[in-house]
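Student: The lines below spell out each chain.
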Amino acid sequence: MALPLPTGLTQNEVSFLAEMEMVTVVPRQRLDSIDLLGGKTPQLRPPHRAQLPLWLALLLKKQRRANIVPPAWMHPASLAEIIHRETKEDPEAFSPPPPPPSRALYAQPGTARRLNHQHQPSFLDDLTQTTLDSQQQDPNSILSPPFLPSNVAESPAGYLPYHWLEIAEALLTHAGDDMPAPAGEVRSLLRDLVEVRAAKMRSSTSALEGFGDAWLTLRGVGAMELAENRAFLAGLVDGVRKIGASAEATRREEEEEARRGGEYGGDGDEDSDEDMGL
Amino acid sequence: MDIDDILASLDPHPPSSSSPSLIPPETRDLQALTRHWVAERSTPELLSWPSDGLFERINDKIKRQIEKVEEMTGDMDPKTNFALIVIQTELERWKFLVRSYLRCRVGKIDKHLLHYISNDALRTRMSPIEEAYARRHQLLLHNHYLNSFLGTFPPAMQNLNDTAGNISMIDSPDLDSAVFIRLLKNAEIECHGVDVDGVLTGKEGDIVILRWSDAKGLVERGDAELV
Numbered sequence: 001m002a003l004p005l006p007t008g009l010t011q012n013e014v015s016f017l018a019e020m021e022m023v024t025v026v027p028r029q030r031l032d033s034i035d036l037l038g039g040k041t042p043q044l045r046p047p048h049r050a051q052l053p054l055w056l057a058l059l060l061k062k063q064r065r066a067n068i069v070p071p072a073w074m075h076p077a078s079l080a081e082i083i084h085r086e087t088k089e090d091p092e093a094f095s096p097p098p099p100p101p102s103r104a105l106y107a108q109p110g111t112a113r114r115l116n117h118q119h120q121p122s123f124l125d126d127l128t129q130t131t132l133d134s135q136q137q138d139p140n141s142i143l144s145p146p147f148l149p150s151n152v153a154e155s156p157a158g159y160l161p162y163h164w165l166e167i168a169e170a171l172l173t174h175a176g177d178d179m180p181a182p183a184g185e186v187r188s189l190l191r192d193l194v195e196v197r198a199a200k201m202r203s204s205t206s207a208l209e210g211f212g213d214a215w216l217t218l219r220g221v222g223a224m225e226l227a228e229n230r231a232f233l234a235g236l237v238d239g240v241r242k243i244g245a246s247a248e249a250t251r252r253e254e255e256e257e258a259r260r261g262g263e264y265g266g267d268g269d270e271d272s273d274e275d276m277g278l
Numbered sequence: 001m002d003i004d005d006i007l008a009s010l011d012p013h014p015p016s017s018s019s020p021s022l023i024p025p026e027t028r029d030l031q032a033l034t035r036h037w038v039a040e041r042s043t044p045e046l047l048s049w050p051s052d053g054l055f056e057r058i059n060d061k062i063k064r065q066i067e068k069v070e071e072m073t074g075d076m077d078p079k080t081n082f083a084l085i086v087i088q089t090e091l092e093r094w095k096f097l098v099r100s101y102l103r104c105r106v107g108k109i110d111k112h113l114l115h116y117i118s119n120d121a122l123r124t125r126m127s128p129i130e131e132a133y134a135r136r137h138q139l140l141l142h143n144h145y146l147n148s149f150l151g152t153f154p155p156a157m158q159n160l161n162d163t164a165g166n167i168s169m170i171d172s173p174d175l176d177s178a179v180f181i182r183l184l185k186n187a188e189i190e191c192h193g194v195d196v197d198g199v200l201t202g203k204e205g206d207i208v209i210l211r212w213s214d215a216k217g218l219v220e221r222g223d224a225e226l227v
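Line by line, the protein sequences are chains W and G.
For the first sequence, position 61 matches number 61 in the UniProt record's numbering, and the numbering has no gaps at all.
For the second sequence, position 133 matches number 133 in the UniProt record's numbering, and the numbering has no gaps at all.
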C-alpha cells in the first residue's frame, strides 16, 4: 500500500500545515540569515521583531534563543469577544474568518492594497509592474492559509484564523510563558471556544438531515475541527448520496423530459420553467 | 551592529512586506507544493501532474540543499551548527511534502490502474515515470493472474478490460465523493444534490462541502482550493 491514509488530511497533517504559519518572534540572540529552501530567513537582531514560520519559531523558543509574540486574537479579551459572538450574537454560525490582510504601498503613500488580491492593473502600480504581471496569471499568487499572515503580532484581534486551534495549542505548550495572560486563563477560554464550536459542528450536520441540498457551507470553520469531523461529514454526505442515488436519477430523468417537452411543445408550464432556472 | 546592518537600515528599497503582491519565488514554490499536496490528498481521483516543472525545480533544490548540508557537516563550528539544524529540519519538511505527495499519487494509480492507463486524457495526468510504473505494474499483475488462474479460462475471458453487457470491468474512482474546498474568490457554483440542484453564491473564504464533480472546475480555474 503506497499510502495507508484515508482521503483528506489527517490531524497530524493539519498540524504539520499549521507549522508553516508565520508568527512574530523577539530574538534573544543574534542569528544570521539562513538560506532555506523556502527563502532566506530574516536576520535576527535582538530586540527587533521578526516574522518566522512557526516550526522555526518553536525551535528557537525551545533553545531559548527567542520569545514568541502571541497573535492578538489569543489575548483573553479577544477570545472573550469571540466567545460572546459565537454564543450570543450568532449562536448558529461560526465566527467569521479574519478579513483579508491589506498593506500600505511604498510607492504610493496613502494607498492600501489587499495582500491577497488579484492584481488590478492600473497606472497606480508599483515599481514592480513586470513581476506583478507574471504573477497575475498564476493562481498561486492568491495566498491562503497557512501562507497568510494571520497569526503574526499585527494580525487583527477578534477573528479566529483558519489554523487557530493548532497554533494556540502549539504556543500554549511550548511558549506558555510568552502569553499575555496566565496560560491557564487562555487555555480555559480556548476550551470554552472548542466546546461551543464543536456543538455547532454537530448541529451543522442536522442541516444535512434531509440532505437534499447540494452543499453545506461552513464559513469560519477551523482546519483542525474540519480534520476531526472530516470522515464523519464526508461519510454522511456520501452515504445520503448513495441512498438517494436512484431517486436522484429518476428526478434528473424527469427534469430532462420536462425540459425536452418544453422545448418541443413550446408550452412552458411552470414546472419546466423552474427547472430551466436551475 | 555592524556596517552592513546600518546600510541595510538605510536601504531605500521598500521592505518586502510593503510591496504586497511580490511574493518571493521560493515562497510561491512552497505554497504551490503545499497546495498540490493538500489537493492530491483530498480528491478521489488523480490530479494532473504539474506541467510547469515545479517538481523538477523542487527536486533540484532539495538535492542542492542536501549537498550543502554535507558540506556544512564538515566544519563543526557551534554557530553554523545551529544553522545546520534549522536547514536540516526544513529539508525534512520539504522531503515529507514531496514524499507524501508522490506516495498519494502512486496509491491512487495502484487503486485504479487500468482506469488511468486505458484513457488518453487520464494518461496525460501522470508523469512519464508514473505512467511507466503503472504500465509495468499492470503487466506484472495481469501475468500473475494469467499464471495462477486466468490461464485456465477460455481465451475470450482472459482480458481484464471487458465491457460486455454494458458493465465495464475497469473500476473507476467515485467522482461524486464529497470534498471540502475553500473559495479563493467570490464564485457561483452549480451544485448537484439528491433532492435539488442549485447555484450556490459563495463568498471568498467560504468553506464548502460539495461533490468533487461540482468542485473540479473551480479548483482547476484556481477559484478554489481543497482543504
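Don't take every hint at face value.
[Said to hold, decoys possible] Listed next, the in silico BS3-like pairs over lysine-lysine satisfying Cα-Cα at most 30 Å (straight line):
1. G:63 - G:79
2. W:40 - G:63
3. G:185 - G:203
4. W:40 - W:88
5. G:216 - W:62
6. G:79 - W:242
7. G:216 - G:203
8. W:40 - G:203
9. G:111 - G:216
10. G:95 - G:68
11. G:61 - G:79
12. G:95 - G:79
13. G:203 - W:200
14. G:111 - W:40
15. W:40 - G:95
16. W:200 - W:88
17. G:185 - W:62
18. G:111 - W:242
19. G:79 - W:62
20. W:200 - G:95
21. W:62 - G:68
22. W:88 - G:203
23. W:200 - G:216
24. W:62 - W:40
25. W:242 - G:216
26. G:111 - G:95
27. W:40 - G:216
28. W:62 - G:61
Simulated from the structure, these hints should not be mistaken for lab results.
Student: Each of the hints needs a verdict: does it hold here or not?
Tutor: Here is how each hint holds up against the structure:
For the hint pairing residue 63 (chain G) with residue 79 (chain G), the CA-to-CA distance comes to about 24 Å; that is within 30 Å, so the pair holds. Distance hint between residue 40 (chain W) and residue 63 (chain G) is fulfilled; the C-alpha atoms sit about 17 Å from each other, no more than 30 Å. Using a Cα cut-off of 30 Å, the hinted pair residue 185 (chain G) and residue 203 (chain G) holds, with the two alpha carbons roughly 7 Å apart. For the suggested pair residue 40 (chain W) and residue 88 (chain W), the alpha carbons sit about 45 Å apart, so the restraint of at most 30 Å is broken.
Between residue 216 (chain G) and residue 62 (chain W) the alpha-carbon distance is near 42 Å, which puts this suggested pair outside the 30 Å criterion. A threshold of 30 Å between alpha carbons decides the hint, and for residue 79 (chain G) with residue 242 (chain W) the separation of about 60 Å lies outside it, so the pair is violated. Taking the CA atoms of residue 216 (chain G) and residue 203 (chain G), the gap is near 17 Å; set against the 30 Å cutoff, the hint holds. At most 30 Å may separate the alpha-carbon atoms for a hinted pair to count; residue 40 (chain W) and residue 203 (chain G) exceed this at roughly 34 Å.
Taken as a hint, the residue 111 (chain G) and residue 216 (chain G) pair is honoured in the structure, with Cα atoms around 20 Å apart against an allowance of 30 Å. At most 30 Å may separate the alpha-carbon atoms for a hinted pair to count; residue 95 (chain G) and residue 68 (chain G) meet this at roughly 15 Å. Between residue 61 (chain G) and residue 79 (chain G) the CA atoms are separated by roughly 24 Å; this keeps the pair inside 30 Å, and the hint holds. With a C-alpha separation of about 25 Å, the suggested pairing of residue 95 (chain G) with residue 79 (chain G) holds against the 30 Å cut-off.
Among the hinted pairs, residue 203 (chain G) with residue 200 (chain W) is consistent with the structure: their alpha-carbon atoms are about 20 Å apart, no more than 30 Å. At roughly 40 Å between alpha-carbon atoms, residue 111 (chain G) and residue 40 (chain W) are farther apart than 30 Å, so this suggested pair is violated. Under the criterion of a C-alpha separation no larger than 30 Å, the hint pairing residue 40 (chain W) with residue 95 (chain G) is consistent with the structure, at around 18 Å. Taking the CA atoms of residue 200 (chain W) and residue 88 (chain W), the gap is near 13 Å; set against the 30 Å cutoff, the hint holds.
Restraint check: the Cα-Cα separation between residue 185 (chain G) and residue 62 (chain W) comes to about 39 Å, which exceeds 30 Å; the hinted pair is violated. Taking the CA atoms of residue 111 (chain G) and residue 242 (chain W), the gap is about 21 Å. The hint holds against a cut of 30 Å. Between residue 79 (chain G) and residue 62 (chain W), the direct Cα distance comes to roughly 17 Å. Compliance with the 30 Å bound is thereby established for this hinted pair. A threshold of 30 Å between alpha carbons decides the hint, and for residue 200 (chain W) with residue 95 (chain G) the separation of about 37 Å lies outside it, so the pair is violated.
The straight-line distance between the Cα atoms of residue 62 (chain W) and residue 68 (chain G) is roughly 25 Å, inside the 30 Å bound, and the hint therefore holds. Taking the CA atoms of residue 88 (chain W) and residue 203 (chain G), the gap is about 24 Å. The hint holds against a cut of 30 Å. A C-alpha spacing of about 28 Å is found between residue 200 (chain W) and residue 216 (chain G), which places the hinted pair at or below 30 Å, so the restraint holds. For the hint pairing residue 62 (chain W) with residue 40 (chain W), the CA-to-CA distance comes to about 21 Å; that is within 30 Å, so the pair holds.
For the hint pairing residue 242 (chain W) with residue 216 (chain G), the CA-to-CA distance comes to about 20 Å; that is within 30 Å, so the pair holds. Between residue 111 (chain G) and residue 95 (chain G), the direct Cα distance comes to roughly 24 Å. Compliance with the 30 Å bound is thereby established for this hinted pair. A threshold of 30 Å between alpha carbons decides the hint, and for residue 40 (chain W) with residue 216 (chain G) the separation of about 35 Å lies outside it, so the pair is violated. Our distance criterion of 30 Å between C-alpha atoms is met by residue 62 (chain W) and residue 61 (chain G), whose separation comes to about 28 Å.
The structure fails hints 4, 5, 6, 8, 14, 17, 20, 27 (numbered hints given earlier, in ascending order).
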